[in-house]
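Colleague: Taken in order, these protein sequences are the chains called A and B. Okay, so the first sequence: first residue is 1 according to our numbering, each after it adds one. Okay, so the second sequence: first residue is 1 according to our numbering, each after it adds one.
Don't take each hint at face value.
What the simulated footprint calls covered on chain A by chain B, stretch by stretch (three residues with Cβ under 8 Å from a Cβ of chain B suffice, anywhere in the stretch; the number is not a length) [stated by the list, open to error]:
(1) 125–139
(2) 242–252
Here are the in silico distance ranges between beta carbons for each label pair [stated by the list, open to error]:
(3) B:Ala295 x A:Ala391: 53 to 61 Å
(4) A:Asp368 x B:Pro458: 33 to 41 Å
(5) A:Ser80 x B:Arg479: 31 to 39 Å
(6) A:Glu84 x B:Glu136: 37 to 45 Å
Hints are computed from structural coordinates only; laboratory data are not their basis. Think of the CB as a built atom: it goes at the ideal place given N, C-alpha and C, for glycine as much as any other residue.
Chain by chain, the residues run as shown.
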Amino acid sequence: MTITTLKPETPAQAADAVRWALSADEPLEIVGSGSRRGLGRPVRAGHALDLSGLSGVIAYEPEELVLTALAGTPMDLIRSMLAERGQHLAFEPPEGGTLGGLVASGLAGPRRISAGSARDHTLGISGISGRAEAYKGGGKVVKNVTGYDLPKLMAGSFGTLTALTEITVKVLPAPEDTATLLLFGLDDRAAVAMLDRALRSPYEVSGAAHLPAGIAARSQVAAVAGAGGAATLVRLEGFGPSVAARVTMLREELRADAVLGRDESLALWREVRDGAGLGEVVADGPLPNPPPPLAGEGALPTPAQSPSTAQAGEGRGGGNRGDTPHLWKLSVPPSTGPSTVDAIRRTLDVEAFYDWGGGLVWLTAPPDSGATIRSALSAGGHATLVRAPEAVRAATDVFQPLPEPLMTLSRRVKESFDPKGILNPGRMYAGL
Amino acid sequence: MKMPVPDSGVIARRREIVEALRAIVPGEGVIVDENELRAYECDGLTAYRQLPMVAVLPSTVEQVSQVLKTCKAMGVKVVPRGAGTSLSGGALPLADGVLLGMGKFKRILDIDYANRCVTVQPGVTNLGISNAVAHEGFYYAPDPSSQIACTIGGNIAENSGGVHCLKYGLTTNNVLGLEMVLIDGTVIRLGGKHLDAGGYDLMGIVTGSEGLLGVVTEVTVRILKKPATARAVLLGFPSSEQGGDCVAAIIAAGIIPGGMEMMDRPAIHAAEAFVHAGYPLDVEALLIVELDGPAAEVDHLIDRVEAIARTKGACYARVSKSEEERLAFWAGRKAAFPAVGRISPDYYCMDGTIPRKALPLVLQRMQEMSDRCGLRVANVFHAGDGNLHPLILYDANKPGELEAAEEFGNDILRLCVEVGGVLTGEHGVGVEKRDLMTDQFDEADLQQQQRLKCAFDPDGLLNPGKVFPTLHRCAELGRLHVHQGELRFPDIPRF
Chain A
1 MTITTLKPET
11 PAQAADAVRW
21 ALSADEPLEI
31 VGSGSRRGLG
41 RPVRAGHALD
51 LSGLSGVIAY
61 EPEELVLTAL
71 AGTPMDLIRS
81 MLAERGQHLA
91 FEPPEGGTLG
101 GLVASGLAGP
111 RRISAGSARD
121 HTLGISGISG
131 RAEAYKGGGK
141 VVKNVTGYDL
151 PKLMAGSFGT
161 LTALTEITVK
171 VLPAPEDTAT
181 LLLFGLDDRA
191 AVAMLDRALR
201 SPYEVSGAAH
211 LPAGIAARSQ
221 VAAVAGAGGA
231 ATLVRLEGFG
241 PSVAARVTML
251 REELRADAVL
261 GRDESLALWR
271 EVRDGAGLGE
281 VVADGPLPNP
291 PPPLAGEGAL
301 PTPAQSPSTA
311 QAGEGRGGGN
321 RGDTPHLWKL
331 SVPPSTGPST
341 VDAIRRTLDV
351 EAFYDWGGGL
361 VWLTAPPDSG
371 ATIRSALSAG
381 GHATLVRAPE
391 AVRAATDVFQ
401 PLPEPLMTLS
411 RRVKESFDPK
421 GILNPGRMYA
431 GL
Chain B
1 MKMPVPDSGV
11 IARRREIVEA
21 LRAIVPGEGV
31 IVDENELRAY
41 ECDGLTAYRQ
51 LPMVAVLPST
61 VEQVSQVLKT
71 CKAMGVKVVP
81 RGAGTSLSGG
91 ALPLADGVLL
101 GMGKFKRILD
111 IDYANRCVTV
121 QPGVTNLGIS
131 NAVAHEGFYY
141 APDPSSQIAC
151 TIGGNIAENS
161 GGVHCLKYGL
171 TTNNVLGLEM
181 VLIDGTVIRL
191 GGKHLDAGGY
201 DLMGIVTGSE
211 GLLGVVTEVT
221 VRILKKPATA
231 RAVLLGFPSS
241 EQGGDCVAAI
251 IAAGIIPGGM
261 EMMDRPAIHA
271 AEAFVHAGYP
281 LDVEALLIVE
291 LDGPAAEVDH
301 LIDRVEAIAR
311 TKGACYARVS
321 KSEEERLAFW
331 AGRKAAFPAV
341 GRISPDYYCM
351 DGTIPRKALP
361 LVLQRMQEMS
371 DRCGLRVANV
381 FHAGDGNLHP
391 LILYDANKPG
401 ELEAAEEFGN
411 DILRLCVEVG
421 GVLTGEHGVG
431 VEKRDLMTDQ
441 FDEADLQQQQ
451 RLKCAFDPDG
461 LLNPGKVFPT
471 LHRCAELGRL
481 HVHQGELRFP
491 DIPRF
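Just chain A, with the same shape it has in the complex (with noise of 0.2 Å):
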């Protein structure tokens, strides 16, 4: 149903087409490189705000750890000058998209046990709410507890709370070296259960997760494809000495099968970090119309002249259908990783794999899987639908329902940002 793409070039243009979308009353889809438009629930707009014409590095300074960029910035531009001075973003973000896109969705990788995730890299942000004003929160220095943290709230926000326009990340010196620890065999319990002794070592584990073996045996590294079984990882990174110390030290204690070095194990911590094997995470659809060359500009469109591209929303999200299974994400105490997915193998054909030490569990399901999923999560914690076709994730809480007392609060937050309700609507939750 989108219709328009509203293209701005700088923050002030971005201020006035919320403007104008605020005074015509019509929602905006905020869109950034269109990569992560399968995440979340559709959003029901005539419009959309494409912010990928605000792009650009602003300041690096890796000498304070802290990078400013234009929200709509390529994550590849940021990725290979970071790289360049041996440095990164340490929550391990999966690849492409913009930085608005990665702050907005608030994601991570595999090292959020140990580096925490976007929330937590993101310092300073500027925007524009959904009342058109342009404003700031947070700073540019990696310490400060001046005001709210805004950016935190930012983080993860889907776009429902403001346009962001400029972010400010901190960012982390690189690991000089990586080496993974493996063990092979190990059924999903006493895996979770090896995880946490190695979390519970000061070796300062940075990455722990438990593939089952239907899952191991499509990696493309060969070592743990060709074990046979179920593979757990453990990785170890920093100092070249320092990983060497420890991985002598832990394999030892952990009495570990195999170690990876360096390249096999940058390989497979990407393939936990997209997935391993479930499919691709997060489907990539492009723009519903990629925004023309200039033209001749005339006024603004008005809801009653607004065209229709008839074949804009289908299809987006990866292009599933039919009976294909769904993926999702779900967040959990470490310890019940297992039990959750044991209490959904009861009733439900699924193909589950751990991280972080097992408190983050991909699974893919049949359709219409989510009330069984989510009512085994009695120890707590929260599933979301990662992948499914756009028709079900506007049809369904692709996030965890919240309890009422939250969901109040989180529409009055919602509110004091966006009171009509132009920015994203139903992203997150319906009605929000």
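Got chain A sorted already, so can you dock chain B onto it with the hints?
Modeller: What follows is chain B alone, placed relative to chain A:
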């Protein structure tokens, strides 16, 4: 410092309010006696004092909920308080307000090693958490200097840090779950034992909100395994600039120390005279760099840090050879505040963060300010993260010196903002820096923050007069000023 004018109508209803509170918290849990109320008249920022109208010390979540609900119904303001160690006046009482003391919430509820977290009531001290898990080799990483006394509830309110924070994060990076009570008495839970909280990151907003959004009644924090070893190196430099360059070079080399602290000449001399840590007295800047982790890593990095320091002009270097010596290095730094207290009748501790590269300029401008106002300043500095703690020395008994010290402090904080930093790195805004908020934020920034406050507390009853320089009514903040006629959007490509 102006606080909201006390509402005489509320004060006139004091007896009625006290009775309502006594119906919720029986016996000695409601304090009205002036002498007993004295215990609550200020926090760590002792220059400001105010007796609360009444203090209430609930012991259950249900009581907290009833107290807040009742205060809301009666239109009475509430100031939450932990141990009262805030340095920015965050727990300064109000003459027409209820002081809500959370000191009775001091139980450790659950230690869960399998999920590497601990759940406690908010009145448990920061160090109390580490002590409870020390026998298993665990600890809670954020370590504010007041950790022996400050409570985890207060740490949440202030988003407290400490010397470990460059490497291990602030409170906000180490909290997994919260239970809190809203002003209308609603009890909500955010997060839990899992790593991602789900929904909006309200925990991120509540942490560091200085008691303006709700009252925390339960906290779940991450615990970490203690590093196998820690060693420190003491580095002296002929100038602060060289010390600062060394810090930048260490970070540029990819090293994030467990702690990295700098002191200037006045602070070094005061600390040495106080604890005899063995500091060199002929240097302008002293850097303590602590490396922690496996022994192989620490040995490797100590060598690299020493080598970097030599290239940056260090004229003194000493590596700790024993745990005793490492602790001695820190003893001077950790006693810097009381040490300065011995060389001056009073001192005023400031707290701003700057981009590290601005350090030479900031130190020079501070010296000029010092010369101008005639008050000395000693500097201790969380060098890794740019958090400055200038200590302004003054004598409260000399007329005008307190005011001069405050003015000097304000100028320093404005300077921090001017060079791209922020007003507070770890002590909070409170009442102390409230009126400087307009130096860092413009009207739209502050209005958005206050609207968020309204989402939690529409009547503005929780800790009013703190953080925000002007009190807006929520209705006024809610107005939308957009009309079709104001449309201005000619340049955006579209079709």
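Colleague: With reference to the structure, classify each hint as holding or not holding.
Modeller: Each hint tested on the structure:
Chain B is given as covering the stretch 125–139 of chain A, and this holds because 9 residues of the stretch bring a CB closer than 8 Å to a CB of that chain, at least three being needed. Against chain B, the stretch 242–252 of chain A contributes 5 residues with a C-beta closer than 8 Å to a partner C-beta. That satisfies the three-residue criterion, and the hint holds. Between B:Ala295 and A:Ala391, the C-beta spacing of about 58 Å keeps the proposed range 53 to 61 Å intact. Checked against the hint of 33 to 41 Å, the C-beta distance between A:Asp368 and B:Pro458 comes to roughly 40 Å, which is consistent with it.
A hinted range of 31 to 39 Å is violated for the C-beta pair A:Ser80 and B:Arg479, which are about 45 Å apart. Checked against the hint of 37 to 45 Å, the C-beta distance between A:Glu84 and B:Glu136 comes to roughly 42 Å, which is consistent with it.
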